[in-house]
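Residue numbers (our numbering), protein chains in the order written: chain U, 1 to 226; chain Z, 1 to 579.
Simulated from the structure, these hints should not be mistaken for lab results. This structure is a prediction, so every number in the text was calculated from the model and none was measured. Quick reminder that beta carbons are idealized off the backbone N, C-alpha and C, glycines included. Hints are supplied without guarantee of correctness; some may be wrong.
Stated by the list, open to error - Here chain Z is said to cover these stretches of chain U; the calculated rule only asks that three of the stretch's residues, wherever they fall, bring their Cβ under 8 Å from a Cβ of chain Z:
no.	region
1	22-28
2	41-49
3	59-65
4	154-162
5	184-190
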Amino acid sequence: MKTAEPVNSDYTQPGVSGMVSDWGADKQAFDVPWGKLMMWIFLLSDTFIFSIFLTGYMNVRLSATEPWPPVSEIFALTVGGVHLPLLLIAIMTFILITSSGTMAMAVNYAYRGDRRRTVILMAITAVLGASFVGLQAFEWSKLIHEGVRPWGNPWGAAQFGSAFFMITGFHGLHVSAGVIYLAIIARKVKRGDYEKKGYAIVEISGLYWHFVDLVWVFIFAFFYLW
Amino acid sequence: MQHTAIADQIEEDLHEPHSFFTTYIWSQDHKVIAIQYSITAIFVGLVALVLSGLMRLQLGFPDTFDFIDPSAYLQFVTMHGMIMVIYLLTALLLGGFGNYLIPLMIGARDMVFPYLNMLSFWTYLLSVIVLLASFFVPGGPTGAGWTLYPPQAILQGTPGHDWGIILMLASLAIFIVAFTMGGLNYVTTVLQARTHGMTLMRMPLTIWGIFTATVLGLLAFPALLVSAIMMMLDKVIGTSFFMPALVSLGESLDYTGGSPILFQHLFWFFGHPEVYIVALPAFGMVSDVIATHARKNIFGYRMMVWAIVAIGGLSFVVWAHHMYVSGMHPAFGFFFATTTLIIAVPTALKVYNWVLTLWRGNIHLTVPMLFAIGFIFTFTHGGLTGLFLGNVTIDLPLSDTYFVVAHFHMVMGVSPIMVLFAALYHWYPLITGRMLHTGLGKAHFWFTFLGTYAIYLPMHYLGFLGVPRRYFAMGGSDFIPESAQSLNASITFAALIVGLSQLIFIYNLVWSLRRGEPAGHNPWGATSLEWQTPDVPPRHGNWGPELPVVHRWAYDFSVPGAERDFIPQNQPEGKGAEG
């Protein structure tokens, strides 16, 4: 070991020691650009943030002394005389997941070198993200109108409002930051800034965007459906 | 897919600085950022040292100092703890030494994202300013204890409940942002920017320690961030995440139905890994110092690496041992006591390996080595008391006494500080090009090491007597004998002497900067890459036109038949001798 020539990983070793030597290989552990690995590590850290937010929410929900408000009723809309539970949230979820699709297409076109389509698709993604934030603002104002506050609400446990505004607010900040991020990257793509460096940056911003969508799925499941 | 590794490119992509400002102030060079981090951290550390002196004055000589009232005392305790753990130790070990050593030891020209690295320092500086600002707001800094337990942290009756706690929480959040920017850089640099031949299992243990600690930080600080946000909301807009319905000063408050225990879980889910965020870099650096100054390869390198990783992993499943007294289901107590005691296995393995590295080594009692040996003593001592406290039944009566204060100061206060001193004496010649003065260094060591024992050994006895910690004064407690007070007075004497003796060190740092003996290349005869740079101190870009190529591990000391008693990592085979 200590006197061997500089080694690349030895792919022939089986089992755990093979995995260890792959990881411990010369120069770099993963065959990806620096920025992409850094984004993955950041997202891992951010996953912990959201997991702890959700765990904290579940904990206060279980330990609250008053009954939890009827979530699906609160988030219902009446459209044309029909009462539809969770309608707005369903629309918001649909928009966000659609934006993940357009983002994935943008990444595809970026690697093909089709700058025009990349920019258009990133712009669509950003617009979908912005409309998600807009709908969220609508939802917030509707709830505030009905008397929901972070410190109390007309139906039961005060922690409902606290957790709702905190978690959707924190997620909304992520989406807003993502919209700005995508807009900046799209502008640079349009200017041709990445012609020499390559288009990994589009995929990196895409990773962030998919993460924000994925987090929303968990918020949707644990907050709105529970 | 092709991508360019910046580490392989030469100067033009490295933002070579041209003016004074870009060289020393808005610098993107990891070495300058490291020095900025270190100076800031040492400065706040001195503030915290003064605070501990003030606390000791009150404890040793109650009713003597009028300016220390109970509120001020609690504020000193809180700020001392928080500054030492986060703004000194975490920042100096990772922001300071991590920044300086990672690129040099793995053979990179800089961190992978230098601009982000620079932002990390300035954000850290902002967090320090916000923290220190709390000394100047109405009501002063928070006095909630460094654990900031709700509900008392934000209620009337706790000093600094108006502004102090808000600034503390804001400062912590800003610090976490700064740490994240730096930490992402450290992890990515270690994983992706190593030079040719530098496999993970050839990295010096210093890098392993810093790397694992940074990963822990990236996964543990989120818990602190979330709890800071939730407590901030409780304080500022009146949510009830952590606040149950309660009556304060005869008045029933608007809070309802929150869970104070939730905060404790979140805090310690951060707080316990934090112990290892501080300890693992220290473990790594002390391994390298011991091997270099004992002229002997580190004993059991692979085991040392796996022990670091195992300790890092285990540190996430032991947090509730800080909460035995909160009232916990016995099954949970059993689980957390078991995991806690399991951590002792890899930790003890490391201690054995340090001692076995010394065994039959060619020990040079240089100043870094003295501090490293001192560390083995203090760490073993603090670790053994940890075995007491890890058991639920022993922890319960001891938890709120000075026994715990003695334990955690020995194990995660003094021990990392010992390593920091060892590291500063060891790497100062590389950073400045001059040696620190040896005589002053030895005086500094003996004052610090003996003083440590004079302070903390008696505290164990105070703890067994049942003297409670955090108290401003003991009052008329019948079960505490009179003699406890004289013990407290002697501890205060020792603490003040140790505190003052740090001036020797500061003086040495400043004096040696200009007057110290020129260090030349590699004064300790070390093998690792940071000592093999073309210039000392290393210039911007570290390596001149070509990156070094690594041919061996970092511990080829006293190889039989070799020309010298060390073979640098970048020396090819055939030159010198085979190891």
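We went through each hint and held it up to the structure:
For the region 22-28 of chain U, the assignment as covered by chain Z holds, since 6 residues bring a beta-carbon within under 8 Å of that chain's beta-carbons and 3 suffice. Counting residues of the region 41-49 of chain U whose C-beta sits closer than 8 Å to any C-beta of chain Z gives 7, which meets the bar of three, so the coverage hint holds. Under the rule that three or more residues need a Cβ within less than 8 Å of chain Z, the assignment of the region 59-65 of chain U holds, with 5 such residues. Proximity of the region 154-162 of chain U to chain Z, defined as three or more residues with a beta carbon under 8 Å from a beta carbon of that chain, is established by the 5 residues found.
Against chain Z, the region 184-190 of chain U contributes 0 residues with a C-beta closer than 8 Å to a partner C-beta. That does not satisfy the three-residue criterion, and the hint is violated.
In summary, the structure is inconsistent with hint 5 from the numbered list given earlier, while agreeing with all the others.
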